[in-house]
Every structure is written in C-alpha cells, then in structure tokens.
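Colleague: If you read the sequences in order, they're chains A and B.
Residue numbers for the first sequence follow the working numbering, beginning at 16 and rising by one.
Residue numbers for the second sequence follow the working numbering, beginning at 16 and rising by one.
Hints may contain errors.
Pairs involving identical chains hold if they fit within one copy or between any two copies, as the list cannot separate such chains.
[Said to hold, decoys possible] With a straight-line Cα cutoff of 16 Å, these simulated EDC-like cross-link-like pairs (lysine to aspartate or glutamate) come out:
(1) 108 / 135
(2) 325 / 158
(3) 43 / 105
(4) 17 / 223
(5) 242 / 223
(6) 43 / 235
(7) 194 / 145
(8) 17 / 247
(9) 194 / 328
(10) 108 / 32
Rather than coming from a laboratory, the hints here were simulated on the basis of the structure.
Predicted model, so just to flag it, every value in this text is computed and none were measured.
2 protein chains.
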Amino acid sequence: MKKLINQPDNVVDEMIEGYAAAYPGYVKVLPSNNRAVVRSFEVRPGKVGIVIGGGSGHEPTFMGLIGKGMVDGVPVGNIFAAPPPNPILEVTKAVNTGGGVLYMYGNYMGDCMNFDMAAELAAMEGIRVETVRVTDDVASAPEPADRRGIAGGFFVYKTAGAAAERGYSLDEVVRVARKANDAVRTMGVALSPCYIPQTGKPSFVLGEDEMEIGLGIHGEPGVERGKIRTADETVDVLLDRILSDLPLARGDRVAVLVNGLGSTTLMEMYIMFRRVKAHLDELGVNIHRSYVGSYVTSMEMGGCSLSLMKLDDELAEMIDAPADTPTFVQA
Amino acid sequence: MKKLINQPDNVVDEMIEGYAAAYPGYVKVLPSNNRAVVRSFEVRPGKVGIVIGGGSGHEPTFMGLIGKGMVDGVPVGNIFAAPPPNPILEVTKAVNTGGGVLYMYGNYMGDCMNFDMAAELAAMEGIRVETVRVTDDVASAPEPADRRGIAGGFFVYKTAGAAAERGYSLDEVVRVARKANDAVRTMGVALSPCYIPQTGKPSFVLGEDEMEIGLGIHGEPGVERGKIRTADETVDVLLDRILSDLPLARGDRVAVLVNGLGSTTLMEMYIMFRRVKAHLDELGVNIHRSYVGSYVTSMEMGGCSLSLMKLDDELAEMIDAPADTPTFVQA
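Whole structure, please, built from the sequences with the hints as guidance.
Modeller: Dropping the structure here:
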C-alpha cells in the first residue's frame, strides 16, 4: 500500500489544513477545535444551520460539501470513526444564527451516540437541534429505520441544504430532509478494498475474480459474494434490489447517482449509467437529473453504488437548486 | 485487474453513450460519428468554437469539459490513442458558427498528426482552424516546445474557453491560449499503474516501495525513480523542478492544480496542497485560485501532479470566469 502522506497519525489533521488552505473563500477551521470545519462566509441571520459529519475517508463527503445551498459546518472524525461530541458542539455553536440547527449523518452507532450527546449539550446552551439520520443502504437491514447511510446521503444533504437556503424553518427543513431520506435507496458493489494509513491493512479481502454486492463503505459485510459480473449484469442486480424496495411506476421521476467508491474510473461509472438509463427507459421512469462521479468514497476502495431518489415537485425543486461548495457546484 | 465493464472492446463507445445519456442538457453524440461529442446547447453565432481532444482514459478530460465557458466539442480516441481525423473534422463542422475553431490538445505525435490533418480538411471546407498544443510537462523535455501536455492543459482549456465565451476573435483566443500555455508548468509523480481493459496489462511496473517522478500519463518514462517519499518531500521535489523552469518572485500570483491521476484520494491531494501552500507562502507567492481533484487521469493510475500557472490580470480574469460543464462547474 503506497500513499502520498506524511506521518500516518497526522493524515486527518493535515488533510483538514490543506483543504482549508485551498478554499479560504468557503471554509475555515475553528480556532477552538481543529476538527471543526465551518463556512467562512456569512449567511442570512436565522437561516437553519446544516451540519453533517462522520468519519474521514469518505472525501469529498463530508467537509467538501460546505458552501452555499448545501452545508454550514462539518465536525471531522478520524478515518471511519465518528467525530467526538466536542467538535460537533463547536460546529453547532458556530453555525447557529438563531434558526436552529439540523444534524444529518449516516445511521451508524458511533455517529448516533456522539451527535445525540452534542445535541443535548447544544440544548443546554439554548440551541435547538433536530436530527435526520440517513438510512439509504438497502443491503444493510430489512427495516428502513435500521439501515446504514451511504452515498444516497448526498441527495438528503442537497435537498435539506436547498430548503435551508430558501429560508424554510427548522421544522420545514426537517420535514423535507425526512421526505428525501424516505425517497432514496442505494445499493453498492465492492471490487477491492481500501487501506487504512495507520495499519496498512486492507478494509476487507476479496478474491482476484470476486465482487461483493452490498458491502458497506467501511467494509461491513454485504449480501452476496461471487464472481465478478459485467457492468450491465451488476447494474441489473443493484437496480432490482432497489426497485423491489422502492417501487416505481411509469411516469415517475427520479434523480440518479452513480457513485464511485474511490479508485473506480469515470469510464466505468458512465458504462454503468448507460445501463441504468436503458433499464429505467424500459420501465418508463424519467431521469430528472443525473450525478456521476466519486461523491462518497472509502478512500481508494474499488466499486461503486447506485442511488435512486424518487422525486415529487418539492424534492425536484430542491435537487435543482444551485449549490456552490469546494467539491460540488451546480449552476 | 477488476473493472466494471462489459466487453473490453466496447468500453469507449459505451462510456460515450452513458456520458451523453447522463447529460443531455450539455452534450450530444453526432449522428454522423459516434466518437464526435459536441455541445447540445446553442451559443452566440460567431463564437469561436473550442475543440479539445485526445485519447480516452483521462476522464473527466476531455469530453467532461463540454459546456458553457469551456469547450464546444471533443473527438474521442481509443484508450490512450489519438482520435482519427474524421471525428475531429465532424466535431469541427458541428461547432463552427462562423468565428473559426481552435484546436487544443496535448503535444503527442498522434494527436498532432491527426488534428493537423483534420485542420487541412476543415480548411478545404472553408473553416478557419488554429491550433495551440499544450506543453506543460516539465519532465518530458528540456525545450518547452518539445514537451508533452498533461494536467496543466486544464488551465489552458479553461482560459481559452473563457476568452471565447467573452466574444474574443479567433486570433485573440489563440493569443490568450498561447499565453496560458506559456505560463503553465506541471510535474507529476506516479505510484501505481493503470490497466488497459483490452490487455489486462499494467501501463508500467514499479516496485512496492517505489515512486517515479515525471512519469507520463500514458506511462512514458520519468526522470527519477526511487523509494517512495513523504507527501511533503514529494511536493518539494515537484515544486523545485517547476520553479527552476518558471521563476516566481515575491508578490506573483498563481493558480494551483493538485491533480489526482485516478486512484489517489482527495485526502492525499489535500495533504499535498498543504505543503504547496506552505512552500509558496515562504516565497511570498499568492495563490489566486486552487483546484484540487482528479481533473486529468490515467484511468486508475496512482499518483498525482502539481501544476502552477503564473497569472497576469487577463489570465486571472479568464481563470475566474464562470464555467458550467458536466464535470466542472465554477460559479
């Protein structure tokens, strides 16, 4: 495993320093906590503060999404580890302008525990905090509420960020974010692991000719391991599982995200998208907007995920809204 | 080598189909040639047509950059192979609106030959074509005119695209593009190869603990192979070579691109950027705008490159201009 790093123990701090140095017009690190990254620009007083977060290693998510129409602040955890309550609280205080704060993050035990603790601490300081947990990973549990959050979180953050930017109240932003999360489903497939800088160990082991359907973004076991399939066959497997959980009818509208997990090329993602489009065309489902790229990664993991979000007029409006962040801009 | 593809022989055609299907508001494939990708939106009649191109495998470059403020059309070659004259000519005819067409591409023999041939054919059809070859790779030759084009081409395309969007004449766009190319220098470092889908073979071989400075984006030999260094040491090597070729004085302004070659993570790129910033701060050189991400790849190659562009007021204005393409948006 070769990486362009300095001391493995310092990768997260140095990454944050470099990121903040690259985009001073968007973000700054709080002097009180070097794991608390917040917007460096002003917003309208009373705008709901949007806070997302989680472990490092998923770049450009989370901190790459700080900017207009998206997210106000991100507490940054160690690699694949939830951020502690303290940076969450510091971010919360920094981004609250009186309208309250919404926490959104993938539904993992550590994140739930630490964000909940920070919410209690924030309440003691008089800041109202609400929470929406992302649960888009169809493979991770039968019950939607028990599922983990993976790449489909991008749609939830985008939607809530747009609602906050439009001046929606905290209750309204929460309503929209919940609706978004309920409308998103993701299925992933892994081909090769990532390597943790501090240990040099792979996040999981797969044979040279194997793929695993539903493997999580931290190497959590998936639902089916087997010989590698073609891109078209893989899309069909992913899409069938999504559609059995999120039935779509002729004339329905969706947003599509084909997400690379790290080392997967855009060439492969476009080839995957081609099949998604053909399949949805057959079903008479309209693709309202497409996203193809590495939005939620597991460092250099190989593989990709497919997310569909079923749109109503309100969700479509929020997905179409402009956004301007260091790693995601929509005109 | 595992890839999410179907038939290896079809990867380029299927990639183009998927890309065009994902972004119908930006691009379309010409009915006359399935390797000719052009803008699907209208532009002001007389706007200079910007055509860039080269082999596949460098996505999001080249076809990802078709959009407002950037590029009008892209002839697409096979993996790491120049596009033939015919798609170049078809793209040229499609994007010419009377103001003439500018070809820009990396200075490789196959590209030079085929684009020159297409330019002659276009001239026979009454279309004025000018050419600016990108020669930013410091490691590739002592004489600037002999050098190859790598990631710094992004700056040249961005600059020329902005000039064309502003209504500059073909002569003026050529002048700006040449000035941009003269002001850009790039140095790259490779850690691991990519694999050609049709052969399954790596593009080069490096030891488990080795890196190669100056290795080209198609595996061309570099200038120095040795043990892998830290991110900071690597940046210092790259920057020293750039600065010895592009002297910068206190108070100078630059645009910076830290470009991932494929499987390199944003984490690593931000850590690299951190050192670039510290180094330039010491020299009193101001970073006017930063770009960090995978802009010009070699499929899943590991490594990155550093590009600096020395800015005058005109180049800064063009770099700052808005752009809206499927893979690059600047507000």
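Colleague: Taking 16 Å as the upper bound on the Cα-Cα distance, should residue 108 and residue 32 be classified as within, between, both, or neither?
Modeller: neither (21 Å within a copy, 47 Å between copies)
Colleague: Is it within, between, both, or neither for residue 108 and residue 135, if the alpha carbons may be no more than 16 Å apart?
Modeller: within (13 Å within a copy, 64 Å between copies)
Colleague: Checking an output row: residue 17 and residue 223, CA cutoff 16 Å. Within, between, both or neither?
Modeller: Between copies only: 8 Å across, 19 Å inside.
Colleague: Under a CA distance limit of 16 Å, which applies to residue 17 and residue 247: within one copy, between copies, both, or neither?
Modeller: Only across copies: residue 17 and residue 247 sit 15 Å apart there, 32 Å inside one copy, limit 16 Å.
Colleague: If the cutoff is 16 Å on CA atoms, where do residue 194 and residue 328 land: within, between, both or neither? Let me know, please.
Modeller: within (12 Å within a copy, 47 Å between copies)
Colleague: Reference check for the pair residue 194 and residue 145, CA-CA at most 16 Å: within, between, both, or neither?
Modeller: within (15 Å within a copy, 53 Å between copies)
Colleague: 16 Å Cα cut-off: does residue 325 pair with residue 158 within a copy, between copies, both or neither?
Modeller: Classified as neither; 19 Å inside a copy, 56 Å across copies.
Colleague: My question is about residue 43 and residue 235: at a cut-off of 16 Å on alpha-carbon distance, are they close within one copy, between copies, both, or neither?
Modeller: Result: close neither inside a copy nor across copies, 33 Å intra and 40 Å inter.
Colleague: First find the shortest C-alpha distance between residue 242 and residue 223 inside one copy, then the shortest across copies, and answer within, between, both or neither for a cut-off of 16 Å.
Modeller: within (9 Å within a copy, 27 Å between copies)
Colleague: With identical chains, the pair residue 43 and residue 105 could be close in the same copy or across copies; at 16 Å between alpha carbons, which is it: within, between, both, or neither?
Modeller: within (13 Å within a copy, 47 Å between copies)
When each numbered hint is compared with the structure, violations occur for hints 2, 6 and 10.
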